[in-house]
Structure formats: structure tokens, C-alpha cells
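Protein sequence lines correspond, in order, to chains A and B. Residue 99 in the working numbering is what sits at position 99 of the first sequence, and the numbering runs on without skipping anything. Residue 632 in the working numbering is what sits at position 632 of the second sequence, and the numbering runs on without skipping anything.
Hints were generated in silico from the structure; no laboratory data involved. Every residue, glycine too, gets a C-beta built ideally from N, C-alpha and C. Any given hint might turn out to be false.
[As the list claims (entries may be wrong)] If the Cβ cut is set under 8 Å, some of the chain A residues that face chain B in the computed set are:
#, residue
1, Tyr13
2, Val37
3, Gly39
4, Gly100
5, Tyr101
6, Pro118
7, Glu122
8, Leu133
9, Tyr139
[Unchecked claim] Pair by pair, the computed Cβ-Cβ distance ranges are:
#, chain 1, residue 1, chain 2, residue 2, range
10, B, Ala150, A, Ala79, 52 to 60 Å
11, B, Glu402, A, Ser119, 42 to 50 Å
12, A, Asn61, B, Thr63, 30 to 38 Å
13, A, Thr42, B, Glu412, 38 to 46 Å
14, B, Leu83, A, Asn61, 38 to 46 Å
15, A, Thr83, B, Ala73, 45 to 53 Å
16, A, Asn61, B, Gln708, 30 to 38 Å
17, B, Gln708, A, Gly32, 41 to 49 Å
18, A, Ser119, B, Ala150, 52 to 60 Å
19, B, Arg666, A, Arg20, 34 to 42 Å
20, A, Arg20, B, Gln708, 25 to 33 Å
21, B, Val717, A, Ser5, 33 to 41 Å
22, B, Gly601, A, Thr83, 16 to 24 Å
23, A, Thr42, B, Val459, 28 to 36 Å
Residue strings, one per chain:
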Amino acid sequence: MTKISMTVDGVNYQDEVEPRTLLVHYLREQLGKTGTVVGCDTSNCGACTVHLDGRSVKSCNVLAVQADGGEVTTIEGVADGETLSPVQEAFRDCHALQCGYCTPGMIMQATDLLRENPSPDEDYVRQHMEGNLCRCTGYHNIVRAVLQAADAGTGGEQA
Amino acid sequence: MTITEEPQTGNREVGRDRRRKEDQRLITGRTRWTDNMQLPGMLHLTMVRSPFAHARITNLDTTEAKAAPGVIAVLTGADVTDLQGSLPNAWPVTPEQKAPPHPAIAVDRVAFSGEIVAVVIARSAAAGRDAAELVDVDYEELDAVTDLKAAAADEVLAHPDLGTNESALWVFDSVEAGTGEDVEAAIRDADVLVEREFRQQRLIPSFMEPRSVVVDPTGEQFVLWSSTQVPHILRLMLALTLGVSESKIRVIAPDVGGGFGGKLQVTPEEVITFLAARHTGKPCKWNETRSESLLSAHHGRDQWQKLTLAARADGTVTGLKVHLTANMGAYLGLVTSGVPILGAFMFNAIYKFPAYRFECQNVFTNMTWTDAYRGAGRPEATFAIERMMDELATELGRDPLEVREQNWIKHEEFPFTTVAGLEYDSGNYEAATARAKELFGYAELRAEQARRRESGDRVQLGIGVSTFTEMCGLAPSRVLGALSYGAGGWEHASVRMLPSGKVEVITGSSAHGQGHETAWSQIVADELGVPFEDIEVLHGDTQISHKGLDTYGSRSLVVGGQAVIAASRKVVEKARPLAAHALEAHEDDLEFSAGRFTVKGAGEGQEGVALTDLALRVFAAHDLPDGTEPGLDADATYDPVNFSYPHGTHLCAMEIDTETGESTMRSYVCVDDVGHVVNPLIVDGQIHGGLVQGIAQALWEEAVYDDQGTLITGSFVDYTLPTSADTISFVTDRTVTPSTTNDLGAKGVGEAGTIASTPAVVNAVLDALRPLGVTDIVMPCTPERVWNAIQGAAHQPLTESAAPHFEESAPNQDTPETEGGTL
Ligand code: FES
Ligand code: FES
Numbered sequence: 001m002t003k004i005s006m007t008v009d010g011v012n013y014q015d016e017v018e019p020r021t022l023l024v025h026y027l028r029e030q031l032g033k034t035g036t037v038v039g040c041d042t043s044n045c046g047a048c049t050v051h052l053d054g055r056s057v058k059s060c061n062v063l064a065v066q067a068d069g070g071e072v073t074t075i076e077g078v079a080d081g082e083t084l085s086p087v088q089e090a091f092r093d094c095h096a097l098q099c100g101y102c103t104p105g106m107i108m109q110a111t112d113l114l115r116e117n118p119s120p121d122e123d124y125v126r127q128h129m130e131g132n133l134c135r136c137t138g139y140h141n142i143v144r145a146v147l148q149a150a151d152a153g154t155g156g157e158q159a
Numbered sequence: 001m002t003i004t005e006e007p008q009t010g011n012r013e014v015g016r017d018r019r020r021k022e023d024q025r026l027i028t029g030r031t032r033w034t035d036n037m038q039l040p041g042m043l044h045l046t047m048v049r050s051p052f053a054h055a056r057i058t059n060l061d062t063t064e065a066k067a068a069p070g071v072i073a074v075l076t077g078a079d080v081t082d083l084q085g086s087l088p089n090a091w092p093v094t095p096e097q098k099a100p101p102h103p104a105i106a107v108d109r110v111a112f113s114g115e116i117v118a119v120v121i122a123r124s125a126a127a128g129r130d131a132a133e134l135v136d137v138d139y140e141e142l143d144a145v146t147d148l149k150a151a152a153a154d155e156v157l158a159h160p161d162l163g164t165n166e167s168a169l170w171v172f173d174s175v176e177a178g179t180g181e182d183v184e185a186a187i188r189d190a191d192v193l194v195e196r197e198f199r200q201q202r203l204i205p206s207f208m209e210p211r212s213v214v215v216d217p218t219g220e221q222f223v224l225w226s227s228t229q230v231p232h233i234l235r236l237m238l239a240l241t242l243g244v245s246e247s248k249i250r251v252i253a254p255d256v257g258g259g260f261g262g263k264l265q266v267t268p269e270e271v272i273t274f275l276a277a278r279h280t281g282k283p284c285k286w287n288e289t290r291s292e293s294l295l296s297a298h299h300g301r302d303q304w305q306k307l308t309l310a311a312r313a314d315g316t317v318t319g320l321k322v323h324l325t326a327n328m329g330a331y332l333g334l335v336t337s338g339v340p341i342l343g344a345f346m347f348n349a350i351y352k353f354p355a356y357r358f359e360c361q362n363v364f365t366n367m368t369w370t371d372a373y374r375g376a377g378r379p380e381a382t383f384a385i386e387r388m389m390d391e392l393a394t395e396l397g398r399d400p401l402e403v404r405e406q407n408w409i410k411h412e413e414f415p416f417t418t419v420a421g422l423e424y425d426s427g428n429y430e431a432a433t434a435r436a437k438e439l440f441g442y443a444e445l446r447a448e449q450a451r452r453r454e455s456g457d458r459v460q461l462g463i464g465v466s467t468f469t470e471m472c473g474l475a476p477s478r479v480l481g482a483l484s485y486g487a488g489g490w491e492h493a494s495v496r497m498l499p500s501g502k503v504e505v506i507t508g509s510s511a512h513g514q515g516h517e518t519a520w521s522q523i524v525a526d527e528l529g530v531p532f533e534d535i536e537v538l539h540g541d542t543q544i545s546h547k548g549l550d551t552y553g554s555r556s557l558v559v560g561g562q563a564v565i566a567a568s569r570k571v572v573e574k575a576r577p578l579a580a581h582a583l584e585a586h587e588d589d590l591e592f593s594a595g596r597f598t599v600k601g602a603g604e605g606q607e608g609v610a611l612t613d614l615a616l617r618v619f620a621a622h623d624l625p626d627g628t629e630p631g632l633d634a635d636a637t638y639d640p641v642n643f644s645y646p647h648g649t650h651l652c653a654m655e656i657d658t659e660t661g662e663s664t665m666r667s668y669v670c671v672d673d674v675g676h677v678v679n680p681l682i683v684d685g686q687i688h689g690g691l692v693q694g695i696a697q698a699l700w701e702e703a704v705y706d707d708q709g710t711l712i713t714g715s716f717v718d719y720t721l722p723t724s725a726d727t728i729s730f731v732t733d734r735t736v737t738p739s740t741t742n743d744l745g746a747k748g749v750g751e752a753g754t755i756a757s758t759p760a761v762v763n764a765v766l767d768a769l770r771p772l773g774v775t776d777i778v779m780p781c782t783p784e785r786v787w788n789a790i791q792g793a794a795h796q797p798l799t800e801s802a803a804p805h806f807e808e809s810a811p812n813q814d815t816p817e818t819e820g821g822t823l
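Start from the sequences, fold in the hints, and give me the full structure.
Here it is, written out as C-alpha cells:
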């Protein structure tokens, strides 16, 4: 067992973990951060994407001990209380999710993408969301949502 | 049938692009996936699976595994042989259908690689995985059959005890059915005969949420959470399979991360988790890895299709004969045997074939079993017929849309009874096609194509057409009965009026991404005149929604939605005498609109009484008319009278680099007619997602096995789902010819995109390459296969006519270079 300490969604945690524990399992099983999910075992799907020290990482591809001392944001820490982030808002407004399983990872990845490039074009979005798989939406509305979040920072007209 | 404009919504909820109710939870991570469940004392299951496709289990030693730290028990097939029953097949397609017993845990023989031979029950998933390595199994390998055509030849048997690989032969003939003429006569008399053979490759549904099951045996009932599309069917089937009273089983499908038919199943793992919980008396969880999912969750498609199309010289089609060889895999799952048969009614599609014969030979192999995958039978049919119509057009040297139009049912001919015996209630193929051509720039693209052909451009342009229809809204129970399906096709709904004025709607169709909570709220808001926000839609728990047939076959809205309407209308009728009492008027003098009863002719400005007020009055029950039951809640079970038949015209432009085989989708336009739309946002989303699944079949996806029967595409590294970078944005539009079979005028939409898009893409690829002599490419049309086809064609003399070619050496036959094996 190894002792680790990290801040997750603004709260500091100190825990003992087995060295082989993946960050995603630590988040889900020890911290109950079940908003972050697992979709594969080969680091292909991106469902587990979180931010580690401000950058998006696939949390199934990082050991919990590697995140020791770090700051992690999960999908559960993205909204400011009741106020959704612009990316969350755009995902809802553009119907960029159906079953919602890929959504936490998509939102985390899109948020990082927009931090990197606040005004991307469609091609840029498509290239940079490539590591996140969605089986429901065909990506059409996900791409639209990322572009909309970039444009306005808020959702369009609400129905 | 005339085209109506999209309805003016006014204050109506139906037709509005409401943002979804379910999204708030999903975008903030406040979700309840089965794998999120943590119960006190919960144990974790790890399955031990056979690495061999066909083998006898000669010895199975669990001593070491049982002794490993944290291991509570290890169960083998021998341990549960008297308890586990046989997994159900609900669709014996013929009375003679053959099928082997289907144990959840193999007892003495395994019939596919991935079949479960033991389960480790441990304190943690990690401890279970470690111990699973210690289960010692000796196998004696048997000959395995993993090629569909070889299996059909019965040389090596997937199940020696059956004596054959043939499970069933199902036949429809328009003469025998009295729906049309003799296809052999049509073939004999044909001016033009097109004979082709197509391959439907094996696909894996690949829902994003891996399957997961939790069973809690503590308490009076077994509570089973499962990532399933079919909680109601699962409950009944578990009871029947395990001999447990149905009333002692409660099934909950919490948030379910996609299904696409892949979670329309009663799985070995559900049965095993149930048995493990019963064995240990503790809550048990099984959660699969992606590799496990790809290997052992059921696969889809996998057919060889032989078609003969007869036509007159002027292009009028006169007959269609279809022979399918369908790969069941090693066992019959819930509807494995029926899936290819669902295509029987769709090969004739939108065309007026006077004669039709369909045969389907179901065959066992030593592979993962197949079952429903988005479209289930109908994509296979649509692919084949839309490919054939292109072949006919090529044969005649005519435009593929023109040949289709010559043969399709004209809008004034509805309702139309097809040669397969279905009555298409409505449609307007001319209108959808005209709109699609306009959005696509059909004439301009054809002109560009001609220019590029002329100049010998390295990058050739191909235009693919698919004018599809499908039958959805599964299904009229009597039709299912006639097809020997083991259940009905109705759906159930309840509407509960709460005293505070809120409304609970319970639906038997269990959503997993389709947005039922939003769409049903819109429907009920209009029916009852209560605010959208005040409606709560409950589903997916057999203790709340006690009755239902779940979600598949594009049935939810047209069957389940209609049940919701029926229940809502019963509420209004129940409230009417109470309203009359409250308003001191006669029932017949009342009218109900926008949530209020008012007295006819009493003029503007009268208050009347709100339905929600009546709900409170009924709750208090202080002043009800004598003999009135204090309740407004109502149930309805709706059995559809017919299928619904959405249709559409899909046009696809592909650019093919003839030197590398690389293909790029340039544009994709689809104009779908799904009748009236409840929520256009949701409908468009269903179309987009469906399109990409169908395009993926055309271009990228295939489950590949090696000669030993080992799945090679066993992870997302090898089973290549499309990404955002592979796909484009689509142009979608709609025409509206309302369905006449339900009050909404809606037709299903869940599978339309998938059904239509595969042939549109393949037709486009071939259209680009025909001048080079390429006549067929087996799906998926990867760059390597495209390149091989171009090379192969370059070295083959061009054939002018499509002679019958069901012989080895004939043209159009899939050449070894283009057939399977490589990705
Ligand atoms: S779980 Fe698939 S990439 Fe992490
Ligand atoms: S919304 Fe279902 S996988 Fe993306």
C-alpha cells in the first residue's frame, strides 16, 4: 500500500492505495466519484477522461500513485454549483448526448480542447476529439456542441 | 397521401425541440450505471472463459483458486448443472428448429471461444481476477467450424450431437402465401436477370457501457440490476429458466449506456450472477471488461445473401428470389433465430415486385452467437435490395434513381399491400427523393463525376443511392404469433395524477438513451394540459413499471407512446363525471382542453375546473358523486394494429483515391419520412447515430476470427469504431406523411439511419469504381480492399453483362483478395 494525497474536485483526500490501482478506480471506488466511467481496457474510448493539473488525461491510463500531489477535476466538479459550464450547457443545448455514457469524457476533453484553442474550426474539433468514442450520436451534435461552446460560451436559445 | 407541413406547434408540446430532461444528470456525472452500485458485503464475480472454439472439458480443478485470498467460492458447470436450466430462445422459427441446450456455464463441452467454464466469487474484483488465473482447466480440442459456408456444407459439426449444423430453414413464397406470383416463372421469362451474392460481415454492437449485473439476494425478493434493454423480458425469462417465482424477482435497468440490440438478451452472466448471489446469500456484482464484451456479448449480422432479380427490358422488375445463409454462432440466444427472418418482409422494399420467394437457412458455427443488432434483419435486406437496384440500373445503363422510381410504389397507391404481405399505410417516395436530390445537388455532382471520369482523375467521385423503407413498431401481437415468436408486441403505460397536481407516467418501454422521459412528457403535456415540467416519467424497474415489453425494434414511440396516449385519455374520461359534479353541469355539456373542463357555450372567461384540481378533490374524496371511485389514475395496454413504415432517400458522395484505395466521404444527405415528429432534436440525433453505425458497417467494422476460431478483433484497438475524425456532419431533412396506424401519426426512427446508410455508402464506392471494372467489394470497404479490387479489376477482362454467376470462377464473385481475413 502506498500513501497518496490529491485534491479532487476541490477536496483534499489522503489515502492508502495498492500501487497497481488505476486513477479511475481510485476515483470511482474509493472516492465514490462514479460520474467518471470506464469504457474499455485499451485506453481507446476516453470515457474515463478527467483533468489532472489542468490537462485532460485518460484516468484508466494513469496510476493513482502517479497523480499523488496532483489536482484532479472530474465531471462532477465542472459545474459551479447549479451553474453549468459552457461546454455542459452546449452539450445539452445541442443534444450532444443520448445514453450519456461517453459524455463525462467528452465534456472533459472538449473543455481542455477549448482551453488550448478557444476558436477551433470543425476539422480541429474532429481531430482533437478523436480519442473519445461515442456509439450513440454519430458525433454530429458533439462537434456542434463544442463549436457552439467556443462561439458563445453559452447555449443558444432554449426551447 | 399528401405531404403535410411540419405541424405548427403553437402551445403544443409535441413537435417542439425540447431540450432533454435526462441531460442534467448525465452532463454533471450524477448517474446511476449498474457498475456504480455498491452494496454492503458485495462480492465480485470473474468469469473463466474457454480459449478454444470447440473442446471437451476433460478436467477442471478449482482447488488452488478456492484457496486464494479473498475467494468465497468457485462454481463450475458441474456445480450448477441441475440449477442453471438452459438459456432461452424465444423464437423457434419452425416447428422442427434444432438447437443445442444452452447452459450458462458449460458443463462438459465448449462450443465457442469465450464460453464460460467457471466463475470465481471473491471479495474484490482484483482478488477474483487473480484467482481466476488459478482455475486449472484441461481441454481436449475438437474440430471447430468457423466458416459459414463450410458450416452449411455440414462437414465439421459445431454440435456433433445435433447431427447437422442446420438449425432451421424458413421459407416465404408469394404463391404459397397468396400474395403474388411464381418467382420461377418470372425468372424464366425475364429479359434481364441480375444474380448476385453479398456478404453481411459479422459486427459487434459495441454499446459504450460494458454490461454489468448486480444481484441482491437479501430481503424477500432477489433484486437484479442489469445494464439491459429488456428488464421485463429478463424478469420473466429468469423466472422460467431458473424455476424461481416471477414475483420473487425484481429487475431494475438503471441508467443504461446504449444497447443497439446488444442488450436485448438474457445473458449467461445474468443467470450466473443470480446463482452466485443465491449460493452465497450476498449481493454479487459482475462487470465486464471491454475485451470480454467484444468476445462474449452477442454479435450481429453475419450472412451470405444470394439474390436473383428478374426484370423486363424496360426496367420493370418482375420477380425477386432470396436465399440467405445466416450464422447463428454456437447457440440460439433470445431472438437469434428470428433476426434474419425479420428481413423476409423487407427485401421487396419499396418496389412493386409481382413475385417473391425468400429462404433463410439458419446455421450453427463455433463462434459467439449472433442476435439483434440495430435494424435486426432489415439492414441486411435493405443492403441487398438497394445494391441489386443499382446493379439493375448498371445492367440497363440507366440512372439508379430513375430505375427505382419506375418500380416504387407511387404516393397515390397507398395503402399498398406488398408481395411480402404487409400493408404499407403511407409514404411519398417521390417527395423525399426530390428533396434529397435538391439538397445534395444531384445533377451537379453527376456532371462533376462525368468530368472526373473523362479526365481520368486520380480521385474518382461516386454517388450512392438508397431509397429505403423499414417496418418498425414491433409489433402487432397476431403477426408475432404467426411468426411463432414467443411473446406479444403490445406495450403498457399508466398515468398517475398526484394530489399536488404533478403527474407520474409509467412506461413499459425501458429507455437507454432514446429520451423517453422528454418525449413522453411532451405527449402527456398535450393530452392532459399539464406543464411539461410537472410530468415525471418512470421506467425500467419491474416493481414500478410492472408490465412492459421494453425497447427495441423502433417500437417505443409508436407502440409505447400510443399506450401513454391511451392511458392519458382514460384519465380524462375518468375525470369527466367528477368535473360535471364540480361544475354542476351535465357530462355531455363539458369540453376538455388545455387541462380544463369547461361548460360548452358558457362563454369566455368561465373558470371551469382543472384536471389537476380534480386530482386534489379525488385525493380528499370529501365530495364525490355517489358511487365514484376516488381515483383518476389509469392504465392502458396497446397492441398495434400494424407496423409503421418510415422511409427515406439517402444520397452519399464518396471520393476514392484510385492509387491508394483511400476513401473520403464528401457529403451525405438524407431526407427521412418518419411521420409526425414529437421532438425533432431527438429524431435528428437518432438519425445521426444510426447513420454512423450503418456507415461503419460499410467502411470499417468487422469481427474477424482466425482459423482456430479465436476472435482477432477482441479490443477497441482492432475492432475499429468510427471516431469524430472519421466522420462528417450530415445534411438531414424530413418529409412528413403521417402514419395512419397511431394517433401521433408517427413512425419509428431508431433504426432508420443504420438501415439506409450502408447501401448508400457501398453504392457510392462502387459507383466511383465501376468505370475501372470493379463490380463488387466485400464490406467493410477498407482502403486495402478497395485497392485490391481496383488491382483485381485491372487484371480481369470486363464483362458486359451480369451473367448468373453462382459458380466459383464467374465474374462479380468475391475474389479471395477482397474477401475477409484482413482488416
Ligand atoms: S476507459 Fe477507455 S480510455 Fe479509459
Ligand atoms: S451518448 Fe451514448 S455513447 Fe455517447
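For each hint, the structure was consulted:
| no. | hint | verdict |
| --- | --- | --- |
| 1 | Tyr13 | violated, 17 Å |
| 2 | Val37 | holds, 6 Å |
| 3 | Gly39 | holds, 5 Å |
| 4 | Gly100 | holds, 3 Å |
| 5 | Tyr101 | holds, 3 Å |
| 6 | Pro118 | violated, 19 Å |
| 7 | Glu122 | holds, 7 Å |
| 8 | Leu133 | holds, 5 Å |
| 9 | Tyr139 | holds, 4 Å |
| 10 | B:Ala150 x A:Ala79: 52 to 60 Å | holds, 57 Å |
| 11 | B:Glu402 x A:Ser119: 42 to 50 Å | holds, 45 Å |
| 12 | A:Asn61 x B:Thr63: 30 to 38 Å | holds, 36 Å |
| 13 | A:Thr42 x B:Glu412: 38 to 46 Å | violated, 55 Å |
| 14 | B:Leu83 x A:Asn61: 38 to 46 Å | holds, 41 Å |
| 15 | A:Thr83 x B:Ala73: 45 to 53 Å | holds, 49 Å |
| 16 | A:Asn61 x B:Gln708: 30 to 38 Å | holds, 31 Å |
| 17 | B:Gln708 x A:Gly32: 41 to 49 Å | holds, 43 Å |
| 18 | A:Ser119 x B:Ala150: 52 to 60 Å | holds, 57 Å |
| 19 | B:Arg666 x A:Arg20: 34 to 42 Å | violated, 47 Å |
| 20 | A:Arg20 x B:Gln708: 25 to 33 Å | holds, 32 Å |
| 21 | B:Val717 x A:Ser5: 33 to 41 Å | holds, 34 Å |
| 22 | B:Gly601 x A:Thr83: 16 to 24 Å | violated, 51 Å |
| 23 | A:Thr42 x B:Val459: 28 to 36 Å | holds, 34 Å |
Checked against the numbered hints listed earlier, the structure breaks hints 1, 6, 13, 19, 22; every other hint is satisfied.
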